[in-house]
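Using the hints, position chain V against chain B.
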Amino acid sequence: MTAVPEVMPAPVESGGLDLFRRPKETSGFWSWFTTIDHKKIGILYGTTALIFFVIAGIEALLIRLQLAGPNGTVLTAGQYNAMFTMHGTTMVFLVGMPMAVAFGNYLIPIMIGARDVAFPRMNMFGFWVFLFGGLFIYSSLFTGIANMPNGGWFGYTPLTSTPMSAGYLPGRGPDFWVIGLIMLGIGSTTSAINFVVTILNMRAPGMTLMRMPVFVWMMLVVAFLTVFALPIVTAALIMVFFDRNYLTNFFVAQNGGDPLLYQHLFWLFGHPEVYILILPGMGIVSEILPVMSRKPLFGYSVVVFSGIAIGFMGWGVWAHHMFATGLGPVAISAFGLATMLIAVPTGVKIFNWLGTVWGGSVKLNVPMLFSLGFIAMFTLGGLSGVTHSIVPADTQQTDTYYVVAHFHYVLFGGLVFAILGGIVYWFPKVFGRMMNERLGKLSFWVLFVGFNLTFFPMHFLGLTGMPRRTYRYTEGLGWDTLNLVVTAGGFIIALATLLFVSNAVWSWKRGPIAPADPWDGRTLEWSIPSPTPEYNFAAIPKVEARDDFWHRKYTEDDQGRLVRLPAGGSGEDAAVDVSSIHLPSPSYFPLVLAAGLPVIGYAAVYKNPWLAIPGVLLLLFGMYGWAIEPGTAED
Amino acid sequence: MAQAALPITHDTHGDHPAPSAGVTNTKLGMWVFLSSDCLFFGAFITTYLLYRNRNLAGPTPRSLYNIPFTSVTSFILLMSSLTMVLALAAIQRNDMRRFKVWVMATAVFGILFIGGQVFEFTEFYREGMSLRTNVSSSIFYVATGLHGLHVSVGIVWLMSLWGMAMQGKLGQRDAEAVEVSGLYWHFVDVVWIVIFAVVYLIP
Numbered sequence: 001m002t003a004v005p006e007v008m009p010a011p012v013e014s015g016g017l018d019l020f021r022r023p024k025e026t027s028g029f030w031s032w033f034t035t036i037d038h039k040k041i042g043i044l045y046g047t048t049a050l051i052f053f054v055i056a057g058i059e060a061l062l063i064r065l066q067l068a069g070p071n072g073t074v075l076t077a078g079q080y081n082a083m084f085t086m087h088g089t090t091m092v093f094l095v096g097m098p099m100a101v102a103f104g105n106y107l108i109p110i111m112i113g114a115r116d117v118a119f120p121r122m123n124m125f126g127f128w129v130f131l132f133g134g135l136f137i138y139s140s141l142f143t144g145i146a147n148m149p150n151g152g153w154f155g156y157t158p159l160t161s162t163p164m165s166a167g168y169l170p171g172r173g174p175d176f177w178v179i180g181l182i183m184l185g186i187g188s189t190t191s192a193i194n195f196v197v198t199i200l201n202m203r204a205p206g207m208t209l210m211r212m213p214v215f216v217w218m219m220l221v222v223a224f225l226t227v228f229a230l231p232i233v234t235a236a237l238i239m240v241f242f243d244r245n246y247l248t249n250f251f252v253a254q255n256g257g258d259p260l261l262y263q264h265l266f267w268l269f270g271h272p273e274v275y276i277l278i279l280p281g282m283g284i285v286s287e288i289l290p291v292m293s294r295k296p297l298f299g300y301s302v303v304v305f306s307g308i309a310i311g312f313m314g315w316g317v318w319a320h321h322m323f324a325t326g327l328g329p330v331a332i333s334a335f336g337l338a339t340m341l342i343a344v345p346t347g348v349k350i351f352n353w354l355g356t357v358w359g360g361s362v363k364l365n366v367p368m369l370f371s372l373g374f375i376a377m378f379t380l381g382g383l384s385g386v387t388h389s390i391v392p393a394d395t396q397q398t399d400t401y402y403v404v405a406h407f408h409y410v411l412f413g414g415l416v417f418a419i420l421g422g423i424v425y426w427f428p429k430v431f432g433r434m435m436n437e438r439l440g441k442l443s444f445w446v447l448f449v450g451f452n453l454t455f456f457p458m459h460f461l462g463l464t465g466m467p468r469r470t471y472r473y474t475e476g477l478g479w480d481t482l483n484l485v486v487t488a489g490g491f492i493i494a495l496a497t498l499l500f501v502s503n504a505v506w507s508w509k510r511g512p513i514a515p516a517d518p519w520d521g522r523t524l525e526w527s528i529p530s531p532t533p534e535y536n537f538a539a540i541p542k543v544e545a546r547d548d549f550w551h552r553k554y555t556e557d558d559q560g561r562l563v564r565l566p567a568g569g570s571g572e573d574a575a576v577d578v579s580s581i582h583l584p585s586p587s588y589f590p591l592v593l594a595a596g597l598p599v600i601g602y603a604a605v606y607k608n609p610w611l612a613i614p615g616v617l618l619l620l621f622g623m624y625g626w627a628i629e630p631g632t633a634e635d
Numbered sequence: 001m002a003q004a005a006l007p008i009t010h011d012t013h014g015d016h017p018a019p020s021a022g023v024t025n026t027k028l029g030m031w032v033f034l035s036s037d038c039l040f041f042g043a044f045i046t047t048y049l050l051y052r053n054r055n056l057a058g059p060t061p062r063s064l065y066n067i068p069f070t071s072v073t074s075f076i077l078l079m080s081s082l083t084m085v086l087a088l089a090a091i092q093r094n095d096m097r098r099f100k101v102w103v104m105a106t107a108v109f110g111i112l113f114i115g116g117q118v119f120e121f122t123e124f125y126r127e128g129m130s131l132r133t134n135v136s137s138s139i140f141y142v143a144t145g146l147h148g149l150h151v152s153v154g155i156v157w158l159m160s161l162w163g164m165a166m167q168g169k170l171g172q173r174d175a176e177a178v179e180v181s182g183l184y185w186h187f188v189d190v191v192w193i194v195i196f197a198v199v200y201l202i203p
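Chains B and V, in that order, give the protein sequences.
So the first sequence is numbered by my numbering: it starts at 1 and just counts up by one.
So the second sequence is numbered by my numbering: it starts at 1 and just counts up by one.
Here chain V is said to cover these stretches of chain B; the calculated rule only asks that three of the stretch's residues, wherever they fall, bring their Cβ under 8 Å from a Cβ of chain V:
#	stretch
1	199-205
2	230-239
3	247-261
Once the Cα atoms are required to be at most 27 Å apart in a straight line, the calculated DSSO-like pairs of lysine-lysine come out as:
#	chain 1	residue 1	chain 2	residue 2
4	B	K542	V	K27
5	B	K24	V	K169
6	V	K169	V	K100
7	B	K509	B	K363
The hints are simulated quantities; they were obtained by calculation from the structure and are not laboratory data.
The structure presented is a predicted model; accordingly, all values stated were derived computationally and were not measured.
By construction, the Cβ of each residue, glycine as well, lies at the ideal position given by its N, Cα and C atoms.
Okay, chain V solo, but in the shape it has when bound:
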């Protein structure tokens, strides 16, 4: 959905009345997309809840969780939401120097989170839990993996914004494009909070 957010200034019609719903098209479109994505993760999380205790062979994710480690990576992802807010605030007051710093920090936090997930997957695999070991391992890898994919898309998006800012192609007028990428980023964070609570913490 990255493509939908950037060209805000392009598709608007000069003489058309103001948005009837009071929110710009791009933002409203992103909200509707995110509501759709909720159901996507909802289906996977429901499946996890159904399958989490089904253990016919091999270790289950619940027997392998390293909660302190995942708490740290979750904290890093949460902090990236803070830097995202700072990045948006910076571009809104046309402070492009700070914007570049904060948007890069957000992307780096995202990369650290993904790195943690890769490490976690590798550890689990070494301890004998592969994708097909049992149904709870399958849904664990698929659900958290798809969340990781969402984070990765967000990282590419943020890095693109950073790259455009470095070339001087991004300015205060594009604050809404940053805001929309921020909506996506915060959403991905919130989904992780749900996954961390439901998939990792519920005994």
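Here chain B stands alone, though its shape is the one from the complex:
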């Protein structure tokens, strides 16, 4: 809102409604507030998620300092609860999901040959809601560290749903958590709708579904999962909010409520959510491996269909998070079997990736190292995951550090490795400069060592009975040395992150200028200049094959060897007058509309209806402005 006067261009004749004139600036500081360019929004998502990643890392280090030795005194019990809750919430909702949206935003249009996403303003709205939702949850810090959300990232009832006055959980943390998560749900649902429509509707001529890059396919599956999973947790959160603030009994057993219902609703969202987090990583790796092995992806359609299969089967395994709740033998057997079954499409993918690398002329550069690291670490995490489907074993492992080890191998060793590899891989396309190779390799190896030092010992800690979410343990239980190792590993991860981020910042300023196609890529985004021009493609490409750009560069001779075709595929670009390309103008209203939500959020948390009035007014002003503003700025 405050940005409005500064960037408002000088008045021109516009028929009275000056308020609804669109801004024009597409560069400079203020343009980042009004941009609806999918590339800029992607960068905004990525940097914001990276900042939240650092914050979540600091929380993790506090946890590890507390647990470095027996009887830790760094944090109080309340502060410890807040730290593990915020670490999980941040990593899932403020790092994992938005990081995937960052990649999706930047890459989907330039991979399918489009000028922008289907709903550019809704795209920016989604970013603001994500940012405001994150800041909203973190604003609970001002009520004290121990009063931040403190009921776990899963927020099990009746602990979280019991009213504040009962004193189970101190502070308004769960209220901030519930409202913040509903906001983040709105944001990720809008971006998911946007992705679905973009992928289904905006493909360049010839870009059939089965010619799309695997990353785009995985984002399509993820977008559908998001669209269907988020409303379920929203419903559960609304009931928690009513229980806390209006004394209903949805989850109060002695008054007829069913605490287990919350777990069902949460994990019916929560398990698809796991795939929402990991599938983008699988997509990223499926882009990097073929390029760095100079071979097409082994079994493209199998990778795609196993991704879709994961998307479907992900809805049938949620109760494996609840094996210890006494669901009865039939339900437990069914969900155990379904959990074993979902390992099949996942395993298929791993063999596809191995088959891609097998026999290729492998370039062991930084993106490739991260991708191979992904395969190895994700496989380890997947294997410990299969052990959870053996119900008697799982009953023993539930709520121990074994589970912590498992999901960190999948989500950190999997998702975070893929994200970091993806950043190095697409950095030249986004910023026009290469990242430093030696520093990149160093950060990978430090991370690889630190990661395994942190999370591998947790398997043993868990199997020897160390429970999750306890802020202290006494000496003499055999956990002391391993915990110290884990903490040391945590700090090595922090060092690796520092190396990686400084490499990115240094390369952004000083890195060598990148050519359009530095990796000899296969997909459309490498056919356009680096960094991507504002209009993406001077002429919308006509796609004739899967890995179209590769086939424009290479053909095979009669012995099956690659032969480089003479350059000249980009000749058509020169013929297009790029100044004639029409792009939608920036807009203030995504920001205005999104700004209404946290105001209403504070009104809900503090039960102050007067505060809701400005929030609703902002929403209405944003909506009408959105509808009324002209399609483009006047020239």
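Chain V only, in chain B's frame:
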């Protein structure tokens, strides 16, 4: 989601090929949103089915339903779908006079439905069933209340379309914006049919 539907002409790109899926972006986006909303109501209706017989204290919704009354308000809401179709048909053939009549009629039917819901809630409350009386009363109020909220958003949307039409800012070229609001409105109707059948009628 009202904001997503109106600006159809603004965000399209002149030289981009036709939609690959054969449906325009705005319509497809609305369909995807509605599919998401299905799961939202699905979660609440499931909860109702789980809780409807749990009666530890006070009257339950099932003991208080006035089926003839709710049948009338349900019929009114169903009729609003008919007027919505007529409104869309009118704007598609550029008959703005009839469009204004039918879109207003749709909004008024919606308001009557909401009025009926307010009356029903008040009656139930007078008969001793509050939000926190028992879990089946809680889920009844929350689920049907959230449906009422959806209807109210639709009413504001339709009234906005009517207002723009009165100012002459809406014409045949905006038929798709009306169609998308219609998709939303019909969806809300269909959800009510499910709620009426599952929440009110199943013994």
